[in-house]
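Undergrad: If you want the building blocks of each chain, they are given just below.
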Amino acid sequence: MTRLSRRAILTATAVTVVVTAGCLGEGSGSYDGEDSADQAANATTDPDDSTATNLDESAIAETALPIADTSLPLEYSLESLRDEAVNGGVPKNGIPSIDSPSFESADDVGDRLDDGDPVFGVVIDGDARAYPQSILVYHEIVNDEVGGEPVAVTYCPLTGTAMGFSRGDVEFGVSGDLVNSNLIMYDREGDSRWPQMLGTAIAGPLAGASLEEVPVHWSTWGRWREAYPDSRVLTDETGYVRDYGRDPYGSYNPPEGYYAEDSPTMFQSLSTDDRHPNKRMVLGARPPAGPIAIDIERLADEGLLPVGVETTGDGDDAAADDPADDHEEDTTSETSDVAESSSLAVYDQRIDAGRLYLGDGTDYSYDHDEGTVVNDAEGTQFEADELPLESVYAFDAMWFAWVGFYPSTAVVD
Amino acid sequence: MTPSTLTSRFAARLSQTTRVTRFAFTRVDGASVSVLAAVVYLGAYLWATDHMRFRSGATVSVTIVDEPFARALERRSALSFEPIALIEFGIGTLLVSPIDLAIGAILVGLVGVNLALAYLALVQPKACGIGAGTGVAAAVPALLSGSVCCAPMILLVLGIQASGALLMVLPWLLPVGVMVLVGSLVYVAGLVDTTAHPRPG
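From first to last, the protein sequence lines stand for chains A and B. Numbered according to my numbering, the first sequence spans residues 1 to 413. Numbered according to my numbering, the second sequence spans residues 1 to 201.
Do not rely on the hints blindly, as some may be mistaken.
Simulated DEER-style distance windows between Cβ atoms [said to hold, decoys possible]:
hint, chain 1, residue 1, chain 2, residue 2, range
1, A, THR362, B, ARG75, 54 to 60 Å
2, B, GLY183, A, ARG275, 51 to 57 Å
3, B, SER56, A, ASP99, 29 to 35 Å
4, A, ARG82, B, ILE91, 44 to 50 Å
5, A, PRO254, B, THR59, 22 to 28 Å
6, A, ASP169, B, ARG55, 37 to 43 Å
7, A, ALA260, B, THR59, 26 to 32 Å
8, B, VAL60, A, SER58, 55 to 61 Å
9, B, ILE106, A, ASP301, 53 to 59 Å
10, A, ASP376, B, SER56, 50 to 56 Å
11, B, ASP29, A, ARG82, 36 to 42 Å
12, A, PRO254, B, PRO68, 36 to 42 Å
13, A, THR380, B, ILE91, 55 to 61 Å
14, A, ALA260, B, PHE54, 18 to 24 Å
Coverage of chain B stretches by chain A, computed from C-beta distances (three or more under 8 Å per stretch; other residues unrestricted) [stated by the list, open to error]:
hint, region
15, 50–56
16, 66–77
17, 177–184
If you are wondering where the hints come from, they were derived from the structure by calculation, not from laboratory data. Backbone N, C-alpha and C define an ideal beta-carbon position, used for all residues, glycine too.
Hey, can you work out the whole structure from these sequences and the hints?
TA: Below, the structure written as structure tokens:
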């Protein structure tokens with residue numbers, strides 16, 4: 001069991017990034033590009049400060065797609081993202097989405113899946129579903145209804161990202177285009193183009209609008225089945241024939257081929273950064289203070305990682321502190337600010353996945369034996385998905401893809 | 001050269017090609033080379049286009065999609081279409097895409113004849129040695145046309161990053177490959193002497 005004192009939580013910020021108050025373009029869906037310029041020294045496309053977009057309010061009012069109240073942050077203009085889009089070698093729908101998915105119970109899966117095989121898990125209103133990576137690698141999008149809510153469960157093999165989106169009555173398909181190696185989806189209502197990781201349309205009538213994200217957890221079949229024994233599992237009756245027993249890109253168990261950490265990317269990235277190997281998996285999130293990338297292996301080791309973000313409001317220079325230097329520092333008024341605006345990354349041992357919450361100053365520690373999070377003051381225990389904190393959407397991604405889209409990202413490693 | 005002269009020369013070369021092709025298949029060695037080349041090329045084509053794979057864990061079964069006729073016409077890439085059946089044969093799998101197979105059959109036929117004629121040009125040339133191996137060389141772009149189906153996979157195999165120029169070239173590999181094979185066939189046919197006897201030994 002790892003215990004973190006209040007002092008440690010206040011001061012042992014795994015990473016500290018100064019974000020000048022007001023930098024976040026609230027409602028404009030942009031992070032300030034000031035810090036990006038330094039961190040994206042190798043950017044092939046300069047992060048754009050003027051990422052504010054003119055939304056077509058009438059299109060948003062008329063669409064059946066659930067649109068987020070606030071656009072997600074972007075670090076490039078829509079125009080530059082459009083310019084960087086390339087065709088991935090397939091036409092529109094050349095990678096067919098699954099529009100009539102069929103499921104079977106966990107008990108019926110048999111040896112179709114090994115315990116170590118990756119699955120993407122979704123739980124909505126008690127309805128748990130697992131989508132095997134071996135199937136989604138060939139289809140990338142499943143237009144499904146989970147817990148009565150229409151959702152698109154999406155997976156981009158080239159960036160290692162599994163994400164969900166509310167879709168109303170609208171289906172999504174695969175456009176065949178990529179940006180920063182990431183799947184560009186299209187909606188079958190107005191043909192707007194949505195890079196998956198951005199969750200924001202870069203072209204079409206809904207350009208600049210963002211989708212409502214639905215948590216999708218990258219897990220393994222063995223853990224998911226144990227955590228959710230009543231889960232239903234996507235079958236290979238997709239309406240198409242594929243050799244679902246073979247991944248065209250390599251293997252995750254163990255990582256080989258395209259999935260190997262040091263392997264090259266297929267397409268040019270928007271920016272490059274060697275703080276991690278290309279394909280290192282990070283937990284990426286875009287909390288209000290700025291994008292962060294958390295090393296998933298370290299999170300699994302620690303169980304719980306506070307991620308401090310300093311909001312001094314005085315325009316100080318950005319500083320990413322060495323976490324090792326922070327552990328024994330005194331608490332100051334500034335570090336109190338850090339705590340007030342910190343996030344809390346939590347390892348969900350049951351499904352081998354990371355979760356992120358906005359901190360509220362409460363001290364927590366991690367019980368490695370139970371895999372639970374403990375409120376230090378009250379002694380109460382919480383499952384990793386049940387903390388009484390505001391949850392932040394977070395998803396696994398290959399490092400090159402995350403830093404490509406978010407070159408200003410802070411890193412927890 | 002007048003257009004009528006050009007047309008007549010072209011017709012004569014086509015006639016020569018047809019005659020030489022028939023001649024190649026009347027000889028056991030020519031037919032054998034053709035069939036052998038076709039079988040090898042077919043395997044390479046199916047592998048390059050990701051239709052056939054050898055792997056452990058494959059069962060013995062046949063799966064056919066619900067609406068095969070409609071599915072067969074759905075495009076997967078510039079010149080590749082949806083498979084309608086999956087055949088698992090114990091040591092591997094084969095995806096059956098009728099249109100892709102038809103395209104493959106054309107390529108296989110062209111490669112087979114090309115190699116048969118290249119062989120004959122080698123053992124029975126009008127001009128000794130000229131043109132030998134031309135058919136083999138012509139087969140390469142057609143083989144590379146497999147990347148039309150699955151460019152990212154081929155890029156992965158080759159370990160190269162896709163540039164805009166490369167992505168533009170890939171869809172043209174198949175038609176260019178076919179044109180090169182046809183051109184090669186016509187060229188090599190002009191090198192074969194159908195009246196000569198095979199060399200001893």
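Undergrad: Confirm or reject each hint.
TA: Outcome of the hint check:
For the pair THR362(A) and ARG75(B), the supplied restraint of 54 to 60 Å holds, since their beta-carbon distance comes to about 55 Å. As the Cβ distance of GLY183(B) to ARG275(A) is approximately 52 Å, the hint placing it in 51 to 57 Å holds. Between SER56(B) and ASP99(A) the beta carbons are some 32 Å apart, a value that agrees with the proposed interval 29 to 35 Å. Range check, ARG82(A) to ILE91(B): Cβ separation about 46 Å, and the 44 to 50 Å hint holds.
For the pair PRO254(A) and THR59(B), the supplied restraint of 22 to 28 Å holds, since their beta-carbon distance comes to about 24 Å. Our hint of 37 to 43 Å for ASP169(A) and ARG55(B) holds, since their Cβ atoms are close to 40 Å apart. Roughly 29 Å separates the CB atoms of ALA260(A) and THR59(B), a value that falls within the hinted 26 to 32 Å. The supplied range of 55 to 61 Å is met by VAL60(B) and SER58(A), whose beta-carbon atoms lie about 58 Å from each other.
For the hinted restraint 53 to 59 Å between ILE106(B) and ASP301(A), the CB-CB distance of approximately 57 Å keeps it satisfied. Between ASP376(A) and SER56(B) the beta carbons are some 51 Å apart, a value that agrees with the proposed interval 50 to 56 Å. A beta carbon spacing of about 59 Å between ASP29(B) and ARG82(A) contradicts the range 36 to 42 Å that was offered as a hint. Evaluation of the 36 to 42 Å hint for PRO254(A) and PRO68(B) yields a pass: the beta carbon distance comes to about 37 Å.
Between THR380(A) and ILE91(B) the Cβ separation comes to about 57 Å, which falls inside the hinted range of 55 to 61 Å. Distance hint check for ALA260(A) and PHE54(B): the Cβ-Cβ separation is about 22 Å, which falls inside the suggested range of 18 to 24 Å. Closer than 8 Å: that is the beta-carbon criterion, and the region 50–56 of chain B has 3 residues meeting it against chain A, so the requirement of 3 holds. Coverage of the region 66–77 of chain B by chain A holds. Counting CB-CB distances below 8 Å, 6 residues qualify, and the rule asks for three or more.
Interface restraint, the region 177–184 of chain B with chain A: violated (0 residues with C-beta to C-beta distance below 8 Å; minimum three).
Hint check: violations occur at hints 11 and 17; the rest are consistent with the structure.
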